[in-house]
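Trainee: Residue-level listing of the chains:
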Amino acid sequence: MKIVALSGSNVGSKTRTAMNYTVKALEEKYPEVNVDLIDLAEYEMQFSDGRNYLDYDGDTGYVTKALMEADAIIIGTPIFQASIPATLKNIFDLLPQNAFRDKVVSMLVTAGSSKHYLIAEQQLKPILAYMKAQMVQTYVFIEETDYYMKEITNEDVFFRIERLVEDTVVLTETYQRIREEKEAQYDF
Amino acid sequence: MEKYRINPDKGLEFGIYTLGDHLPNPITGERISAKERVHEIIEYAKLADQAGLDFFSVGESHQDYFATQAHSVVLSAIAQATENIKIASSSTIISTSDPVRVYEDFSTIDLISGGRTEIVAGRASRIGLFELLGYNVRDYEALFEEKFDLLRKINEEDVVNWSGEFRAPLRNAEVIPRPQSGSLPIWRAVGGSPGSAMKAGYAGVPMFMAHLGGPVSIFKRTIDAYREAAERGGFNPAELPVATAGFFYAAETSQQALKDMYPHINEGMKKTNGQGFPKQHFAQGIDPQNVMNIGSPQEIIEKILYQHEQFGHQRYIAQIDFGGVPFERLQKNIELIATEILPAIRKYTAKK
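Top to bottom, those sequences are chains C and D.
In this text, residue positions in the first sequence follow the working numbering: the first is 1, and each later residue adds one.
In this text, residue positions in the second sequence follow the working numbering: the first is 1001, and each later residue adds one.
Just so you know, the hints here were simulated from the structure itself, not pulled from any lab data.
In this text, a Cβ means the ideal position worked out from N, Cα and C, and glycines have one as well.
Which bits of chain C does chain D cover? Going by a derived footprint, with three or more residues having C-beta under 8 Å, they are: (1) 46 to 55; (2) 93 to 101; (3) 180 to 188.
Among chain D residues calculated to face chain C with C-beta under 8 Å, some are: (4) Ile1127; (5) Gly1128; (6) Val1137; (7) Leu1258; (8) Lys1259; (9) Asn1273; (10) Gly1274; (11) Gln1275; (12) Pro1278; (13) Lys1279; (14) Ala1283.
Lysine-lysine pairs mimicking DSS-like chemistry, simulated, CA-CA at most 30 Å apart: (15) D:Lys1279 - C:Lys2; (16) C:Lys132 - D:Lys1271; (17) D:Lys1332 - D:Lys1035.
Isolated chain D, as found in the complex:
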């Protein structure tokens, strides 16, 4: 795990991720400006850093209701504004970007942050950016696989010789600057389906898995499939970290948590995805066996520990801000994580 800057002896890492969505608050109908939203995200990262959390990441999305299209620029500001927290993209859409430029950006951010930067590379859940950036969506799979491989090659080799279908060849190319420790942790973003997880496994890369909701047992199957594929691909699963990411919200009671969060998720999903989140499914989110971490701090601690026992993952990443959640509620959640949830999780998952 050292290659990925993770020490499992210290217990489960805890992080925050934002998709960079820029949605109105469904209760008030008001939407802050893009400027305010971008600054809010930087402040959010600072809070997470000050609270001693392990990780903070920002997504790239090129569509209405998002503000972090230039997510690496936002991460650069976060690198400057924070001190200890690891920072990453979640995810960088590598399919429609040039891996050389992505690497230049992220190794620069790594230098700014003093060696705290990682890349999570994904395939895009929505495809408007293919047209925007001049790619053909028919090449969806091939673009990702080729560019992801090139990104990893640049990370591993100081002098790159490469040729492929979607980019001009590289001849004795030195991609600089190099990151502080010579390489960056690079994760593959997986949407939760076993097929995609298995690709990450066969390639021997760490997996960053996002999920909306549903039983822990289903996601355990995906993680098992990932580790089995890694083994078949000739890698040692014990050396490959797994991160899971999903909805999180802590309040005094689980009922209050549902009440506070549901309108944001439901209306936010309607606007960004075209369909709301069924109330019935959301209500099941507080069940101890459901992967959503929504409830009282004590219930969330138990849920995360149960997930850790099932998944054996190294990092959990909470999405709290989706759908215009007011900043003071994000603050309150970070406070609850720092004072109640994180100490318990570290206590029960650390090896020493």
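Next comes chain C alone, as it looks inside the complex:
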């Protein structure tokens, strides 16, 4: 199983910090899973110009291909201006319309205010649904007050991250099994 943990912003540290915990939890609990952390702050991404993702090269080509080859994607995103960051939206624009078909996608959201809790629900989930993702319904929401000096200090966040990791792996395995059973019935 291939999982990409995508840290969706090129500004700030909170999402990346939370993604580091997530990847660590994944590696500890599921050593057999192949996990790749992609932090958009470390890549030079082109803006989407409508071409097929295979036609991009450099960082843009690397990131899009890694996402397309993944069985599951854990998206980490901050909330900027009451919405997802442009860097993350650009990733969606770079990928084909049905990019997440047969993939599991789960989410981790960091925000400065608890009032941003439903933004993932209203802005991120519709995009993922449109792109045919199998979504892990519960996402992890982390607030500014859960951090101190680039460390997460709220114990509950660790529990929630562990559950997210577990749900992502379990749903991916389950969905793959269901799909294989269904496809075996076609007899071709």
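Starting from the structure of chain C, add chain D where the hints point.
Mentor: Using the frame of chain C, we list chain D on its own:
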């Protein structure tokens, strides 16, 4: 329809198209050489000609896993190797080519073939060739519209005066040689969306529509939109031919056809487009109301007749070779078309 060398009284025309893909056979993992693939395409055209099919076309694609970048050169060889079959590009990417050179090439092929050549002009589904050939993909729409218009003008006028944004102006230019009958049928390639079909309609040009799969009713809407736009543009839709192109595979049973073809389409799509073809969607391809012509010869006859009844189109073009399908299976399919499918289609669609 005479201008386009089509006589609807003779019934629905039947053709073959190849994108010129050069993909490994997914079962054996082996890929023939580019030389073998190009020769295979020429042989394929000869078989189609000998079997009495109406049309054969070759695509232009500048990317990995394709072998007919110089599709006009391949068509030239086909022109020499065949006798009766109409030949065309499907499609020529006019956006990144010089219409003068394209016209020179294709009218020469027309002379070689004895007046059997047509041009299908398209916009490119992948855009790697823009960089390769020195164009900016931002001009995607404008390049196509300007160059397509120029191509048509060259076809219609012996002396051309023209100026535009993407090419040096033409002053009293005579583009020679002229085709055998003075002009060539020029089609606009449409990917299946109504917006693009409507542009073809407003311009009053024949439409070559490619589709992967899905219900006939959806594609009927596109064709209706094309004809309505043509009417609004001041053209008579009855004089404008429509061609549809898509996946085709005949075997003894529909189950066998799915089995034979699916790995080729799925793996081929993965390599050329980055995403496979969902099994669920492919399984629906054998439904009588699905536009894919996959099944037993009798099922395919019924499907094509149903599509003809719905679309009222003049030409159907089968794509059988996508994804490294072994040549003997192409041979077998041509044989089934010639002996079982085509006679029935002609019988039921010819007016006399």
